[in-house]
Amino acid sequence: MGAGHAHKLYRHGHSPVHELPPHCKLAAAFAFVVVVVSTPREAVWAFGLYAVLIAAVAAAARIPAGFLLRRLLIEVPFVAFAVLMPFVAQGERVEVLGMSLSVSGLWGAWNVLAKGTLGVAASVLLASTTELRALLLGLQRLKLPPLLVQIATFMIRYGDVITDELRRMSIARRSRGFEAGGIRHWGVLAKTAGALFIRSYERGERVHLAMVSRGYAGSMPVIDEVVATRAQWAYAAVLPAAALAVCLMGWTL
Amino acid sequence: MTPSPSSTAPASLDVSGLAYAYPDGHQALFGVDLTVGQGERVALLGPNGAGKTTLVLHLNGILGGGVGTVTVAGLPVEKRNFAEIRRRVGIVFQDPDDQLFMPTVREDVAFGPAAAGMRGAELETRVHEALEQVGMAGFADRPPHHLSFGQRRRVAVATVLAMRPEILVLDEPSSNLDPASRRELADILRSLDVTVLMVTHDLPYALELCPRSVILSEGVIAADGRTQDLLCDEELMRAHRLELPFGFDPRSVSVA
Chain A
0 MGAGHAHKLY RHGHSPVHEL PPHCKLAAAF AFVVVVVSTP REAVWAFGLY
50 AVLIAAVAAA ARIPAGFLLR RLLIEVPFVA FAVLMPFVAQ GERVEVLGMS
100 LSVSGLWGAW NVLAKGTLGV AASVLLASTT ELRALLLGLQ RLKLPPLLVQ
150 IATFMIRYGD VITDELRRMS IARRSRGFEA GGIRHWGVLA KTAGALFIRS
200 YERGERVHLA MVSRGYAGSM PVIDEVVATR AQWAYAAVLP AAALAVCLMG
250 WTL
Chain Z
0 MTPSPSSTAP ASLDVSGLAY AYPDGHQALF GVDLTVGQGE RVALLGPNGA
50 GKTTLVLHLN GILGGGVGTV TVAGLPVEKR NFAEIRRRVG IVFQDPDDQL
100 FMPTVREDVA FGPAAAGMRG AELETRVHEA LEQVGMAGFA DRPPHHLSFG
150 QRRRVAVATV LAMRPEILVL DEPSSNLDPA SRRELADILR SLDVTVLMVT
200 HDLPYALELC PRSVILSEGV IAADGRTQDL LCDEELMRAH RLELPFGFDP
250 RSVSVA
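So the protein sequences, as listed, match chains A and Z. Here the first sequence stands for residues 0 to 252, numbered as in numbering that gives the first Met the number 0. Here the second sequence stands for residues 0 to 255, numbered as in numbering that gives the first Met the number 0.
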């Protein structure tokens with residue numbers, strides 16, 4: 000409890016990007032990532048252009064560069080392994096600052112780093128201009144399996160409830176003189192996890208009961224119809240279309 | 000204050016000869032007969048394990064398959080009527096975190112009517128009305144977990160009011176509420192023009208809100224009468240493990 004009123008990733012605003020229907024933005028971001036990934040890694044300049052495109056979208060969405068860059072840090076653990084590639088890969092080697100690095104490893108690292116960063120940047124932009132709830136409506140509209148969307152919806156609703164339950168259990172443990180530390184206490188923590196699972200399961204049953212009592216018959220009723228006009232689709236398509244042009248140039252030049 | 004059940008309209012709720020045993024063999028209800036007239040507010044009292052929840056879950060067909068019948072405003076609770084029955088019987092469960100399962104208050108209140116096929120502006124109006132009735136219209140776009148417990152309970156009431164129910168069934172409406180929220184909820188319930196069946200252990204609350212009470216004990220209706228009369232009958236109260244809070248004298252209260 001007590002988290003902000005919107006999700007932490009979301010940045011409130013009224014830019015043209017914020018205003019786009021969520022499914023258009025989802026489709027655009029996804030298409031952009033696909034295009035970026037299919038660009039040859041040797042076309043270094045293409046990735047520079049992609050970065051410019053992302054920056055343009057960020058500017059249109061009035062997302063400050065600092066905000067975007069800070070959010071990008073999330074990829075650090077994932078690309079850490081890319082840094083290792085030049086050291087461990089086989090093949091032709093070059094000397095850089097006195098270290099012997101593999102050429103194919105360097106290309107591999109660049110490939111992961113550039114494509115990863117652009118992909119994460121696109122996702123960060125999507126997340127900071129679209130509310131979580133709207134994203135789910137968009138996914139629903141894009142005909143993702145309804146069960147998956149429902150599960151995700153319940154995760155937003157019950158994440159805090161379950162965290163709170165966990166916190167109360169932890170307070171109860173500590174009130175009885177238990178401090179978690181060391182391997183000897185893992186048994187207790189495992190039992191807590193088990194108890195939490197059972198509680199959540201039972202809550203699930205009660206929630207289902209409440210849903211059935213209000214006429215739930217297997218599918219979520221459509222409450223907010225998200226519709227996009229042709230113009231909105233066209234507007235959203237600008238990013239992937241421009242990226243596609245860059246990609247094609249990358250292959251032909 | 001209590002509109003007497005009119006002879007023309009069918010009773011909001013009519014339970015007759017209802018008996019039920021759980022699949023594990025535990026019998027919870029042994030022939031329950033209960034009629035609640037239109038516009039009445041009735042408290043369902045009884046000790047823990049008396050079968051109150053089991054009875055409530057029969058009212059909208061979640062449980063069934065035993066002996067006896069339940070009809071809601073003339074419509075029998077049967078599988079083919081479930082959609083309409085669940086619209087007519089609005090159950091407010093005890094824990095609002097179970098009742099409120101959608102990401103925002105507005106979507107939660109819209110859930111019932113939308114499940115019945117309502118869309119667009121009509122749905123918006125319905126949601127707004129229901130929230131207005133419980134004084135929560137300003138909270139439509141909030142996620143339920145950011146509301147206070149009392150506010151959540153009120154929204155839970157709105158979620159069933161949005162379905163324009165024939166009868167509102169409240170499971171322990173006053174539990175976990177602070178005195179102010181408890182009073183606010185009472186004011187709201189009094190202002191509604193709907194039949195109410197209220198399951199509660201809070202006897203002063205029953206006295207305050209419900210002119211009539213029934214006591215469910217060991218799976219049968221053990222008593223049915225004016226709330227004040229029942230609460231003043233010490234022998235009856237003791238026999239069914241019902242106790243008034245310390246210092247509370249039901250005789251000292253004047254009820255309408």
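For the record, the hints were derived by calculation from the structure and aren't laboratory data. Ideal Cβ positions, reconstructed from N, Cα and C, are used throughout, including at glycine. Any given hint could turn out to be false.
Stated by the list, open to error - Restricting the straight-line Cα-Cα distance to at most 20 Å, the calculated cross-link-like pairs of lysine to any residue (SDA-like) are:
{"id": "1", "chain 1": "Z", "residue 1": "K78", "chain 2": "A", "residue 2": "L208"}
{"id": "2", "chain 1": "Z", "residue 1": "K78", "chain 2": "A", "residue 2": "G217"}
{"id": "3", "chain 1": "A", "residue 1": "K7", "chain 2": "Z", "residue 2": "L146"}
{"id": "4", "chain 1": "Z", "residue 1": "K78", "chain 2": "A", "residue 2": "H207"}
{"id": "5", "chain 1": "A", "residue 1": "K7", "chain 2": "A", "residue 2": "P63"}
{"id": "6", "chain 1": "A", "residue 1": "K142", "chain 2": "A", "residue 2": "R229"}
{"id": "7", "chain 1": "A", "residue 1": "K190", "chain 2": "A", "residue 2": "G217"}
{"id": "8", "chain 1": "A", "residue 1": "K7", "chain 2": "A", "residue 2": "V119"}
{"id": "9", "chain 1": "Z", "residue 1": "K78", "chain 2": "A", "residue 2": "Y215"}
{"id": "10", "chain 1": "Z", "residue 1": "K78", "chain 2": "A", "residue 2": "K142"}
{"id": "11", "chain 1": "A", "residue 1": "K114", "chain 2": "A", "residue 2": "K190"}
{"id": "12", "chain 1": "Z", "residue 1": "K78", "chain 2": "A", "residue 2": "S218"}
Claimed, not checked - Distance windows between CB atoms, simulated:
{"id": "13", "chain 1": "Z", "residue 1": "A179", "chain 2": "A", "residue 2": "R205", "range": "25 to 31 Å"}
{"id": "14", "chain 1": "A", "residue 1": "P76", "chain 2": "Z", "residue 2": "A179", "range": "30 to 36 Å"}
{"id": "15", "chain 1": "Z", "residue 1": "F29", "chain 2": "A", "residue 2": "V225", "range": "48 to 54 Å"}
{"id": "16", "chain 1": "A", "residue 1": "L141", "chain 2": "Z", "residue 2": "D223", "range": "51 to 57 Å"}
{"id": "17", "chain 1": "A", "residue 1": "I161", "chain 2": "Z", "residue 2": "D223", "range": "54 to 60 Å"}
{"id": "18", "chain 1": "Z", "residue 1": "E77", "chain 2": "A", "residue 2": "A192", "range": "38 to 44 Å"}
{"id": "19", "chain 1": "Z", "residue 1": "G38", "chain 2": "A", "residue 2": "A192", "range": "32 to 38 Å"}
Against the structure, the hints:
1. For the proposed pair K78/Z and L208/A, the alpha carbon gap of about 16 Å is at most 20 Å, so the pair holds.
2. Distance restraint check for K78/Z and G217/A: the Cα-Cα separation of roughly 16 Å lies within the 20 Å cut-off, and the hinted pair is therefore satisfied.
3. At roughly 18 Å between alpha-carbon atoms, K7/A and L146/Z fall within 20 Å of each other, so this suggested pair holds.
4. With a CA separation close to 18 Å, the supplied pair K78/Z and H207/A stays within the 20 Å bound.
5. Proximity of K7/A to P63/A is assessed by CA-CA distance (about 16 Å); at most 20 Å being required, the pair is judged to hold.
6. Between the alpha carbons of K142/A and R229/A the distance comes to roughly 19 Å, so the proposed pair stays at or under 20 Å and holds.
7. Of the pairs offered as hints, the one joining K190/A and G217/A is violated, with about 33 Å between alpha carbons and a cut-off of 20 Å exceeded.
8. Of the pairs offered as hints, the one joining K7/A and V119/A holds, with about 16 Å between alpha carbons and a cut-off of 20 Å not exceeded.
9. This hinted pair checks out: K78/Z and Y215/A have alpha carbons roughly 14 Å apart, not beyond 20 Å.
10. For a cut-off of 20 Å, the pair hint linking K78/Z to K142/A is broken: about 31 Å separates their Cα positions.
11. At roughly 42 Å between alpha-carbon atoms, K114/A and K190/A are farther apart than 20 Å, so this suggested pair is violated.
12. Distance check on the hinted pair: K78/Z and S218/A sit about 18 Å apart at the alpha-carbon level, within 20 Å; holds.
13. Distance hint for A179/Z and R205/A: a CB-CB separation of about 27 Å, consistent with the stated range 25 to 31 Å.
14. Look at P76/A against A179/Z: about 49 Å separates their beta carbons, and that is not inside 30 to 36 Å.
15. Between F29/Z and V225/A the beta carbons are some 52 Å apart, a value that agrees with the proposed interval 48 to 54 Å.
16. Against the hinted window of 51 to 57 Å, the Cβ-Cβ separation of L141/A and D223/Z comes to about 56 Å, which satisfies the hint.
17. For the hinted restraint 54 to 60 Å between I161/A and D223/Z, the CB-CB distance of approximately 42 Å leaves it violated.
18. With their beta carbons about 43 Å apart, E77/Z and A192/A fall inside the hinted range of 38 to 44 Å.
19. Checked against the hint of 32 to 38 Å, the pair G38/Z and A192/A fails, with Cβ atoms roughly 50 Å apart.
In summary, the numbered hints that this structure violates are 7, 10, 11, 14, 17 and 19.
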